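Colleague: Starting from the known structure of chain Y, fit chain P onto it as the hints suggest.
There are 2 protein chains.
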Amino acid sequence: MQPDLSCFFNPESIAIIGVSRNSTKAGYGILKNVLWTFPNTEKIFPINPRAKEIMGLKVYHSLTEIPGNIDLAILFVTPRTIPSLLQACYQKGVKGIIIESAGFAEIGKEGKTIQEEIRCLGKQFNIRIWGGNCMGTVTDELITTFEPITADMRRKGVVSIVGQSGYFSRAVILQLFTECYTGIRKAASIGNRIDIDECDLLQNFLEDETTKVAAFYLEGLKRPRKYLKLAKKFTRTRPLICLLGGQSEVGRSAVLSHTSSNAHGSPQLLSDLLKLSKIIQATEFGEFFNIVEAFPKLSLPNGKRLAIVTITGAGGVIGADIAAKYNITIPELSISTTHKLQNLFPDWMPPKNPVDSWPAFEIHGLDEALRQIIPILFESDEIDMILLMVAAMQVAITFDPTVVRDMKKYNKPLVTYIVGDDAIKSQWTSQIRSEGGVVFDDINAAIKILDLMASYSLTKGL
Amino acid sequence: MQPDLSCFFNPESIAIIGVSRNSTKAGYGILKNVLWTFPNTEKIFPINPRAKEIMGLKVYHSLTEIPGNIDLAILFVTPRTIPSLLQACYQKGVKGIIIESAGFAEIGKEGKTIQEEIRCLGKQFNIRIWGGNCMGTVTDELITTFEPITADMRRKGVVSIVGQSGYFSRAVILQLFTECYTGIRKAASIGNRIDIDECDLLQNFLEDETTKVAAFYLEGLKRPRKYLKLAKKFTRTRPLICLLGGQSEVGRSAVLSHTSSNAHGSPQLLSDLLKLSKIIQATEFGEFFNIVEAFPKLSLPNGKRLAIVTITGAGGVIGADIAAKYNITIPELSISTTHKLQNLFPDWMPPKNPVDSWPAFEIHGLDEALRQIIPILFESDEIDMILLMVAAMQVAITFDPTVVRDMKKYNKPLVTYIVGDDAIKSQWTSQIRSEGGVVFDDINAAIKILDLMASYSLTKGL
Chain Y
1 MQPDLSCFFN
11 PESIAIIGVS
21 RNSTKAGYGI
31 LKNVLWTFPN
41 TEKIFPINPR
51 AKEIMGLKVY
61 HSLTEIPGNI
71 DLAILFVTPR
81 TIPSLLQACY
91 QKGVKGIIIE
101 SAGFAEIGKE
111 GKTIQEEIRC
121 LGKQFNIRIW
131 GGNCMGTVTD
141 ELITTFEPIT
151 ADMRRKGVVS
161 IVGQSGYFSR
171 AVILQLFTEC
181 YTGIRKAASI
191 GNRIDIDECD
201 LLQNFLEDET
211 TKVAAFYLEG
221 LKRPRKYLKL
231 AKKFTRTRPL
241 ICLLGGQSEV
251 GRSAVLSHTS
261 SNAHGSPQLL
271 SDLLKLSKII
281 QATEFGEFFN
291 IVEAFPKLSL
301 PNGKRLAIVT
311 ITGAGGVIGA
321 DIAAKYNITI
331 PELSISTTHK
341 LQNLFPDWMP
351 PKNPVDSWPA
361 FEIHGLDEAL
371 RQIIPILFES
381 DEIDMILLMV
391 AAMQVAITFD
401 PTVVRDMKKY
411 NKPLVTYIVG
421 DDAIKSQWTS
431 QIRSEGGVVF
441 DDINAAIKIL
451 DLMASYSLTK
461 GL
Chain P
1001 MQPDLSCFFN
1011 PESIAIIGVS
1021 RNSTKAGYGI
1031 LKNVLWTFPN
1041 TEKIFPINPR
1051 AKEIMGLKVY
1061 HSLTEIPGNI
1071 DLAILFVTPR
1081 TIPSLLQACY
1091 QKGVKGIIIE
1101 SAGFAEIGKE
1111 GKTIQEEIRC
1121 LGKQFNIRIW
1131 GGNCMGTVTD
1141 ELITTFEPIT
1151 ADMRRKGVVS
1161 IVGQSGYFSR
1171 AVILQLFTEC
1181 YTGIRKAASI
1191 GNRIDIDECD
1201 LLQNFLEDET
1211 TKVAAFYLEG
1221 LKRPRKYLKL
1231 AKKFTRTRPL
1241 ICLLGGQSEV
1251 GRSAVLSHTS
1261 SNAHGSPQLL
1271 SDLLKLSKII
1281 QATEFGEFFN
1291 IVEAFPKLSL
1301 PNGKRLAIVT
1311 ITGAGGVIGA
1321 DIAAKYNITI
1331 PELSISTTHK
1341 LQNLFPDWMP
1351 PKNPVDSWPA
1361 FEIHGLDEAL
1371 RQIIPILFES
1381 DEIDMILLMV
1391 AAMQVAITFD
1401 PTVVRDMKKY
1411 NKPLVTYIVG
1421 DDAIKSQWTS
1431 QIRSEGGVVF
1441 DDINAAIKIL
1451 DLMASYSLTK
1461 GL
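Sequence lines, in order, name chains Y and P. When the letters of the first sequence are read in order and numbered with the working numbering, they come out as residues 1 to 462. When the letters of the second sequence are read in order and numbered with the working numbering, they come out as residues 1001 to 1462.
Derived by calculation from the structure, the hints in this document are not laboratory data. Predicted, not measured: the structure shown is a model, and the values here were computed from it. Cβ atoms here follow ideal geometry from the backbone N, Cα and C, with glycine treated the same way. One or more hints might be untrue.
Claimed, not checked - Anything over 10 angstroms on all C-beta distances counts as not near chain Y; from chain P, calculated:
#	residue
1	Arg1155
2	Asp1381
3	Lys1408
As the list claims (entries may be wrong) - For lysine-lysine, the following PhoX-like pairs were computed, each having C-alpha atoms within a straight-line distance of at most 25 angstroms:
#	chain 1	residue 1	chain 2	residue 2
4	Y	Lys325	P	Lys1325
5	Y	Lys325	P	Lys1278
6	P	Lys1448	Y	Lys325
7	Y	Lys109	P	Lys1340
8	Y	Lys352	P	Lys1112
9	P	Lys1275	Y	Lys325
10	Y	Lys112	P	Lys1352
11	Y	Lys278	P	Lys1325
12	Y	Lys340	P	Lys1109
13	Y	Lys448	P	Lys1448
14	Y	Lys275	Y	Lys112
15	P	Lys1325	Y	Lys275
16	Y	Lys352	P	Lys1109
17	P	Lys1352	Y	Lys109
18	Y	Lys448	P	Lys1325
With the rest of the complex left out, here is chain Y:
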């Protein structure tokens, strides 16, 4: 079979089998999202044997009633009805179906049997099958999931992401949209992988120039050899992030009852193989978010020389301690750079790295101090990346988060750490994130990201 997924991402016509007028039902959500995002309304065909019209569209009672051929069928129906539907799909020239309803291998023997039957029929009819037990797709062109996606959440981006788990995929995409302000190119929930698997998606991302970063949550590779081969190609030019569940004994046994994936033969071996393919591995969800957010937003560093710019001396001390745990250096500043910075500092405070900038901030105000200190460091050729640490307080400090945005022009990564008052912290964090910056409330996480980005940058293409 060709790994062409255009029938899923760019179909010419869509049938939705199992639509509903009840707004709490998945069959309602799917139609709503398709109607909103698919440009050719005349080529959307809702199907429900007991309805006439939904959302202003004519409802068909069966596939065969629909005039002409269908590219994509999205199903939210009970599993046992699917084999006969596949026959009808075949007759209407359907190239791909997305099964979002559940009740397959994950519920036991009966479900497994029907899943296997569907798989065989798909092969026989040459129809690609996506799912079941999945949440479909969210792309910058078409949304097929039942999950409500609001207009302000639909942010075009360069990240393509694949999740195996249903709730996980939904929660991850929501968090990426709402908290991280990360735009999505393609988000794919592949569920039980009756046919379409992570290799099909990685192949698709490889051919998709708009995908600049790819990220996968997997509980087992269906075709490890193929995946690693594709990964090697992908990571030559673009970062590929994996969170691999089931690396421990209990985790592996939980995988079996969760997605029934092939347990990784040896998790350590698989992890080593991923590393050889230059895949960036996250250890848990929080880190997964951090990496997926940071790579598209920040420029890659050309080295591992870090400057810490802080208004709290303690931040500089702890930042230096953490950097020492990674392979990151905090270089001494040259005489020339020190001299440039000294103009901003009182005589009694010779600037060093970490740059404890409160004396400069007390003289010039924080924003002005930062708008001068950061460029001096970035232009110095001594510094590859900056960790900026600010304290959120109701008085004494007026920090304008646009500083972070304005420093993007130097094409070197700057990450921000904020400590302090919750309301101010939240406000600054949202603003920085929405303007393409990256914020952490954990110094270790901030420095780990810089280390991962620098390591990727220094080895990619090798």
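Modeller: Frame of chain Y, contents of chain P only:
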């Protein structure tokens, strides 16, 4: 000298030298906080040579004008005026002074000289000196800092906390109040430690029964032997948390220009000594907050047997993988416990640990499912602690965070991890925290806290 700090925490009369009518000035903030929190208004004496009345209080032009003796003097004045003030303080029977203004050892040679002069005079006059370059104290009885503290932030608690660094102390306290909803018994910013140091404070906390948890940010111990001796006593019954800055080479050199503290001879040796004294060590601020928040809020576990209750199977898988990195077991459930849980689950889904509870939640609703599953686990004698994982979504899931509060009665720790929609996540997080629960958005951090709590619980008193 006696380590009695009652003149700082429970003075009978207070003079504030350097008050200001300008609300952006520290001398205004100090008076405002004292006036708000000190019960005996007649015993508050603002001093400013150029004012008559501030906030309805008579302003004195000098200490000598004040009738009767003074217990505590709070100073916000230029350093060079302090030696002569000390003479006046002595004449008024002052027992302790807090110097909040800066300009001492941290600004170089001149500042060092004046600092040493103040130290000697304090000894000579038998006056204890707190600071300088500090932010004073915030206790559940009296606030002497200049930082604005609002009524809803002033939460009585059992945590006593000491910070060396000014901005750090301010930001930490703000974050503990506003984000972590952690009540404070005593917060102390000790600044340059002209006289009062971390040993005085630890001794004070040791004698203070209301202090149930003590936490220190330190960049060097002034009297290491004494501190470790006090720590050993304290940790016999109560947790003591330390974040020790300056453990790396660059970090140590940053300490020198930050607080000029004695660099730790060998950081590794010191860290080992802290461990021997059963001090819980944080590696950075984020972890420091987590530990300081968790200990007073959660019951101590009696062992390391963890149950994971999750609505996303992926959460259970990753949680199990992370637990395996720590010394935490995720035990198989007994037949009896499995049997009790099975009543809530469909037949095709035998409950295991991690407890992937979506099938139960689809039948009973999430709240009802959790209100039954968690008690079965906590009452089983097989489980010492629970990690609850929920997904924040706009539809499909209605989760009532009071579940977390209601499970506190089992006297076993439960921590919550939330992933998903930012607005819902923030709302649930605030509610859980404000009702005495603990929430993480990082699974590793959640499990690390449980590990630290269990380790402390299993070794304390030994």
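Colleague: Give a verdict on every hint.
Modeller: So, going through the hints one by one against the coordinates:
At roughly 13 angstroms from the closest C-beta of chain Y, the C-beta of Arg1155 (chain P) stays outside 10 angstroms, upholding its exclusion from the interface. Even its closest Cβ contact with chain Y, about 20 angstroms, leaves Asp1381 (chain P) beyond 10 angstroms, as expected for a residue assigned away from the interface. The claim that Lys1408 (chain P) lies off the interface holds: its Cβ sits roughly 23 angstroms from the closest Cβ of chain Y, which is beyond the 10 angstroms cut-off. Under the criterion of a C-alpha separation no larger than 25 angstroms, the hint pairing Lys325 (chain Y) with Lys1325 (chain P) is consistent with the structure, at around 18 angstroms.
Distance hint between Lys325 (chain Y) and Lys1278 (chain P) is fulfilled; the C-alpha atoms sit about 23 angstroms from each other, no more than 25 angstroms. For the hint pairing Lys1448 (chain P) with Lys325 (chain Y), the CA-to-CA distance comes to about 18 angstroms; that is within 25 angstroms, so the pair holds. The straight-line distance between the Cα atoms of Lys109 (chain Y) and Lys1340 (chain P) is roughly 24 angstroms, inside the 25 angstroms bound, and the hint therefore holds. Using a Cα cut-off of 25 angstroms, the hinted pair Lys352 (chain Y) and Lys1112 (chain P) holds, with the two alpha carbons roughly 20 angstroms apart.
Proposed proximity of Lys1275 (chain P) and Lys325 (chain Y) is supported: the alpha carbons are some 19 angstroms apart, at most 25 angstroms. Our distance criterion of 25 angstroms between C-alpha atoms is met by Lys112 (chain Y) and Lys1352 (chain P), whose separation comes to about 20 angstroms. For the suggested pair Lys278 (chain Y) and Lys1325 (chain P), the alpha carbons sit about 23 angstroms apart, so the restraint of at most 25 angstroms is met. Restraint check for Lys340 (chain Y) and Lys1109 (chain P): satisfied, since their Cα atoms lie roughly 24 angstroms apart, inside the 25 angstroms limit.
Between Lys448 (chain Y) and Lys1448 (chain P), the direct Cα distance comes to roughly 18 angstroms. Compliance with the 25 angstroms bound is thereby established for this hinted pair. Pair hint Lys275 (chain Y) plus Lys112 (chain Y) does not hold up; C-alpha atoms about 33 angstroms apart against a cutoff of 25 angstroms. Only pairs whose Cα atoms come within 25 angstroms are accepted, and Lys1325 (chain P) paired with Lys275 (chain Y) is accepted, the gap being roughly 19 angstroms. At most 25 angstroms may separate the alpha-carbon atoms for a hinted pair to count; Lys352 (chain Y) and Lys1109 (chain P) meet this at roughly 18 angstroms.
Using a Cα cut-off of 25 angstroms, the hinted pair Lys1352 (chain P) and Lys109 (chain Y) holds, with the two alpha carbons roughly 18 angstroms apart. Using a Cα cut-off of 25 angstroms, the hinted pair Lys448 (chain Y) and Lys1325 (chain P) holds, with the two alpha carbons roughly 18 angstroms apart.
Comparing the model with each earlier hint shows a violation of hint 14 alone; every other hint is respected.
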